[in-house]
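Protein chains in written order, with full-length UniProt numbering: chain A, 1 to 451; chain B, 1 to 279; chain C, 1 to 236.
Because the hints were derived from the structure by calculation, they are not lab data. Wrong hints could be hidden among the right ones.
[What the hints assert, rightly or not] Derived pair list, reagent style DSSO-like, types lysine-lysine, alpha-carbon separation capped at 27 Å: (1) B/Lys193 / B/Lys207; (2) C/Lys217 / C/Lys187; (3) C/Lys178 / B/Lys207; (4) A/Lys200 / C/Lys187; (5) A/Lys89 / C/Lys136; (6) A/Lys163 / C/Lys26; (7) B/Lys261 / C/Lys136; (8) A/Lys90 / C/Lys26; (9) B/Lys118 / B/Lys207.
[What the hints assert, rightly or not] Far from chain B by the CB rule (all over 10 Å, computed), these chain A residues: (10) Ile122; (11) Pro199; (12) Tyr247; (13) Gln293.
The C-beta atom is built at its ideal place from N, Cα and C for all residues, glycine as well.
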Amino acid sequence: MTAHDSKGPAHALPQTLPRFSATFDPHTLSEIRRAAATGIYDIRGGGTKRKLPHFDDLLFLGASMSRYPLEGYREKCGTEVVLGNRFAKKPIYLKTPVTIAGMSFGALSAQAKEALGRGASIVGTSTTTGDGGMTPEERGQSQTLVYQYLPSRYGMNPVDLRKADAIEVVIGQGAKPGGGGMLLGQKISDRVAAMRNLPKGIDQRSACRHPDWTGPDDLEIKIQELREITDWEKPIYVKVGACRPYYDIALAVKAGADVVVLDGMQGGTAATQEVFIEQVGIPILSAIRPAVQALQDLGMHRKVQLIVSGGIRTGADVAKALALGADAVAIGTAALVALGDNDPHWQAEYEALGTTAGAYDDWHEGRDPAGITTQDPELAARLDPVKAGRRLANYLSVMTLEAQTIARACGKSHLHNLEPEDLVALTVEAAAMAGVPLAGTQWIPGKTGGY
Amino acid sequence: MLASMLCVMTDRGPDSAGFAVYGAGAKDKVKLSLRAAAGYDFSALAAGLSIPADGLPPLAVRSTHAIIEVPAAREADVRAFLAARHPEVAVVGTGARMEIFKEVGLPATVADTFGLAKMSGTHGIGHTRMATESAVTTAGAHPFSTGADQCLVHNGSLSNHNQLRRQLKREGITFETENDSEVAAGYLTWRLKQGATLGEALEAGLKDLDGFYTFVVGTENGFGVLRDPVACKPAVMAETDQYVAFGSEYRALVDLPGIEKARVFEPEPATVYFWERAQ
Amino acid sequence: MNAFSPDITFDLATSPLRDLNEALHKTSGESNARRWRVLNPEGRHAVAVGIDAPVTVEIDGNVGYYCAGMNQNASVIIHGNAGQGVAENMMSGFVRVCGDASQSAGATGHGGLLVVDGNASARCGISMKGIDIVVKGSIGHMSAFMGQSGSLIVFGDAGEALGDSLYEAKLFVRGTVKSLGADCIAKELRDEHKALLAQKLEAAGVAPGSVDLSEFKRYGSARKLYNFHVDNADAY
Chain A
1 MTAHDSKGPA HALPQTLPRF SATFDPHTLS EIRRAAATGI YDIRGGGTKR KLPHFDDLLF
61 LGASMSRYPL EGYREKCGTE VVLGNRFAKK PIYLKTPVTI AGMSFGALSA QAKEALGRGA
121 SIVGTSTTTG DGGMTPEERG QSQTLVYQYL PSRYGMNPVD LRKADAIEVV IGQGAKPGGG
181 GMLLGQKISD RVAAMRNLPK GIDQRSACRH PDWTGPDDLE IKIQELREIT DWEKPIYVKV
241 GACRPYYDIA LAVKAGADVV VLDGMQGGTA ATQEVFIEQV GIPILSAIRP AVQALQDLGM
301 HRKVQLIVSG GIRTGADVAK ALALGADAVA IGTAALVALG DNDPHWQAEY EALGTTAGAY
361 DDWHEGRDPA GITTQDPELA ARLDPVKAGR RLANYLSVMT LEAQTIARAC GKSHLHNLEP
421 EDLVALTVEA AAMAGVPLAG TQWIPGKTGG Y
Chain B
1 MLASMLCVMT DRGPDSAGFA VYGAGAKDKV KLSLRAAAGY DFSALAAGLS IPADGLPPLA
61 VRSTHAIIEV PAAREADVRA FLAARHPEVA VVGTGARMEI FKEVGLPATV ADTFGLAKMS
121 GTHGIGHTRM ATESAVTTAG AHPFSTGADQ CLVHNGSLSN HNQLRRQLKR EGITFETEND
181 SEVAAGYLTW RLKQGATLGE ALEAGLKDLD GFYTFVVGTE NGFGVLRDPV ACKPAVMAET
241 DQYVAFGSEY RALVDLPGIE KARVFEPEPA TVYFWERAQ
Chain C
1 MNAFSPDITF DLATSPLRDL NEALHKTSGE SNARRWRVLN PEGRHAVAVG IDAPVTVEID
61 GNVGYYCAGM NQNASVIIHG NAGQGVAENM MSGFVRVCGD ASQSAGATGH GGLLVVDGNA
121 SARCGISMKG IDIVVKGSIG HMSAFMGQSG SLIVFGDAGE ALGDSLYEAK LFVRGTVKSL
181 GADCIAKELR DEHKALLAQK LEAAGVAPGS VDLSEFKRYG SARKLYNFHV DNADAY
């Protein structure tokens with residue numbers, strides 16, 4: 001169908017540009033091809049990568065005329081937090097409300113675990129074990145160590161239980177609420193295998209439910225047992241992935257928790273199905289208010305402390321989480337980045353693995369150039385626990401200072417005096433999820449004015 | 001006995017408690033278990049039910065509940081009258097012998113409120129609730145009535161109850177709460193209306209109810225037990241020559257007479273059990 | 001039980017459980033109080049948990065959940081039935097249930113010996129990690145699920161899905177097995193296994209020769225789920 005002017009030369013017709021489908025975008029296409037070639041779902045580490053309503057969609061209302069700010073370097077703005085003073089004889093005292101989330105030895109190298117302990121201890125906060133037990137390096141370098149009690153009970157023993165400063169009963173995590181664990185054979189080294197009592201090199205599966213209790217009424221009895229074993233000294237945390245936070249937090253409180261840990265879907269994992277990471281759970285922004293509501297309805301807000309996690313990156317995120325009602329936050333992915341995860345320094349090696357610095361998420365394969373998510377002795381030796389710990393400490397200090405900066409600007413002499421009324425939202429979604437008004441309006445979607 | 005069993009289970013279920021007691025029944029009469037707000041004037045309600053031939057129907061008020069006994073032939077009329085004239089009153093159960101009482105609060109308080117310790121009967125079912133997703137309300141307290149002289153209590157959490165509730169509503173079953181256990185009760189009611197025996201209804205439930213559950217259903221002459229196929233939620237039975245008892249843990253049974261000599265066992269998963277009194 | 005003369009008798013009808021456990025935690029190898037008797041447990045939970053001393057604790061009656069949980073070195077003898085999770089996560093020592101045991105007996109146990117004279121219900125030995133369990137009666141469904149190591153010896157029958165997703169735990173059942181779980185298969189009972197059985201039964205106090213070892217069948221992991229393969233996807 002060539003049309004041309006009888007008087008002039010034929011012109012080529014304008015061509016439309018190749019157009020990719022928004023539904024079948026290049027990543028989706030690559031995933032279909034990968035699934036067709038391998039017959040197994042994609043497994044990766046980290047948290048969700050999709051764009052979600054997040055703390056970025058909230059802003060603080062600083063003081064000006066109607067409120068008076070505090071002077072930056074002179075007037076005190078407290079950051080300390082007490083965790084677990086409901087039933088435990090020995091509650092946890094932290095200098096900053098930014099804690100380190102549970103990450104296992106196995107998922108991480110011993111050096112990385114040690115670095116987490118060092119960094120946390122420098123700034124006076126806690127770190128947490130993971131699915132696989134407690135290492136001497138980690139215990140030795142952690143001033144305050146929370147010992148996770150998981151369905152698999154890998155590495156669980158009463159000796160370490162007594163060495164711990166608190167016990168965290170893990171029911172779920174934000175990356176995969178309702179799912180079990182997975183550690184692929186590449187990372188089951190001799191030491192990991194011995195700690196978990198597994199044959200070396202196999203794919204380790206972890207159960208999704210605890211082996212000896214199911215449901216909140218049984219959990220109450222399990223918590224009683226843990227208290228009896230430790231003579232009622234240690235705070236008992238209960239950790240859940242964010243899905244139905246109002247009910248789950250209320251039930252954790254009824255079951256007798258001292259502290260509840262709520263992990264949003266941005267929270268990372270050592271390894272799980274991509275479909276789980278991206279499709280199950282809710283963003284932390286949307287989970288905090290219902291959780292706080294549950295605590296308030298039970299008269300337990302600030303009595304049972306709430307730690308939130310999942311995508312916390314900055315002091316502003318910390319301040320926002322606290323303003324929405326949390327008592328403390330936990331960081332995982334951000335802490336790994338501070339240690340050196342995905343650092344451009346290793347760009348050439350990331351490229352050799354078919355990825356790039358900043359996008360590397362094949363943590364389950366154990367070939368991390370940065371020596372963090374690996375059990376390979378040579379790679380792990382790249383991470384200097386002392387230097388990496390220092391970087392983490394610096395980062396934690398910055399987060400704390402940033403949170404204080406915001407709190408002072410809002411006229412607060414303690415981070416815990418931040419409140420939802422100090423916040424507005426930039427988007428309708430964030431306004432609805434966080435229960436704060438759209439900036440410049442009185443409007444909280446779903447509510448008829450007021451708070 | 002039931003009262004002490006409930007009190008021992010307070011830790012497991014501090015939110016509400018309830019029980020069904022199977023006492024004496026009168027020929028051709030039916031008992032309606034009614035629930036209303038505190039201080040409700042049940043006698044005024046009963047006066048409205050008076051018919052010249054029979055006089056006032058027998059009425060026993062216990063706190064927020066009342067048992068009213070009417071001729072079995074008039075049950076439908078009475079229910080229609082209550083629905084039309086007294087929407088503030090809920091009929092929580094009916095039957096020749098069954099009486100249901102339930103309220104929010106600690107089990108000991110609830111048992112005291114209704115004077116459970118002084119009640120007598122051939123058998124009874126009690127429940128203490130730790131509410132999961134639905135509200136802590138009296139309507140959400142167990143037992144739930146499933147039909148004449150039948151009720152259900154549940155431990156666990158169903159995962160497909162919303163879908164099932166919608167189906168059952170289309171079939172004409174009514175629900176008062178968002179409670180999953182009420183759906184299980186409604187499901188049994190529906191199956192029974194379809195002509196199934198209680199055993200058949202429970203068997204069918206194994207296929208249609210998803211999630212985790214241990215059910216106990218009370219019948220006029222005994223009770224039945226069903227656990228889901230996964231059977232994570234605990235259940236323990238005690239049998240002696242004198243009685244059969246069920247508890248979600250042994251601790252509930254410790255005050256029973258002769259318990260140390262009873263045959264104590266756990267019901268199998270996905271198996272319907274019945275214990276019936278010889279007639 | 002009559003021959004047992006305790007150094008300390010503790011009545012749970014009159015003294016709080018917390019005091020019992022605290023006192024047990026304070027005992028050590030040097031302590032003179034080696035023999036304890038606990039009266040009126042009445043189904044209480046977490047009785048004699050977290051002990052780490054070579055003491056003997058005899059409990060007169062039925063216990064609730066998690067009796068002797070995380071036990072180390074102690075001998076705990078329950079003259080009655082045990083609720084859920086008896087001897088859960090035991091590290092070492094000896095626990096005996098003279099009656100029946102409820103669900104998840106010996107769950108995640110790392111070591112030591114659990115003997116159940118009666119039956120054990122569902123999930124006996126779930127995620128076992130080195131514990132030896134001898135059940136003289138029968139066991140319920142999903143027993144030894146994800147069993148990693150140790151041995152489970154059953155004189156009676158086993159319920160459905162025995163040894164589902166099994167790792168290296170060794171299972172021996174004398175009676176019938178209702179069904180085997182994913183990746184669990186029957187294996188040949190060789191002399192070395194008979195020797196192992198003889199050794200465990202002796203430790204459990206079973207008189208030598210009173211049980212014919214050749215009547216047991218051995219079950220173990222087919223090891224097909226050790227590394228994911230798409231053809232086994234149904235088993236996950």
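Here's how the hints hold up against the structure:
For a cut-off of 27 Å, the pair hint linking B/Lys193 to B/Lys207 stands: about 18 Å separates their Cα positions. With a C-alpha separation of about 7 Å, the suggested pairing of C/Lys217 with C/Lys187 holds against the 27 Å cut-off. Note on C/Lys178 and B/Lys207: the hinted pairing holds, with a Cα-Cα distance of about 21 Å set against a maximum of 27 Å. Distance hint between A/Lys200 and C/Lys187 is fulfilled; the C-alpha atoms sit about 22 Å from each other, no more than 27 Å.
Our distance criterion of 27 Å between C-alpha atoms is broken by A/Lys89 and C/Lys136, whose separation comes to about 42 Å. Taking the CA atoms of A/Lys163 and C/Lys26, the gap is about 16 Å. The hint holds against a cut of 27 Å. Straight-line distance between C-alpha atoms of B/Lys261 and C/Lys136 comes to about 20 Å, which keeps the hinted pair within the 27 Å bound. For the suggested pair A/Lys90 and C/Lys26, the alpha carbons sit about 18 Å apart, so the restraint of at most 27 Å is met.
At roughly 40 Å between alpha-carbon atoms, B/Lys118 and B/Lys207 are farther apart than 27 Å, so this suggested pair is violated. Interface exclusion of A/Ile122 from chain B stands, the closest Cβ pair being 42 Å apart, more than 10 Å. For A/Pro199, the shortest C-beta to C-beta distance to chain B comes to about 28 Å, beyond the 10 Å cut-off, and the non-interface label holds. Under the 10 Å C-beta cut-off, the non-interface status given to A/Tyr247 relative to chain B is violated; the minimum distance is some 5 Å.
Under the 10 Å C-beta cut-off, the non-interface status given to A/Gln293 relative to chain B holds; the minimum distance is some 14 Å.
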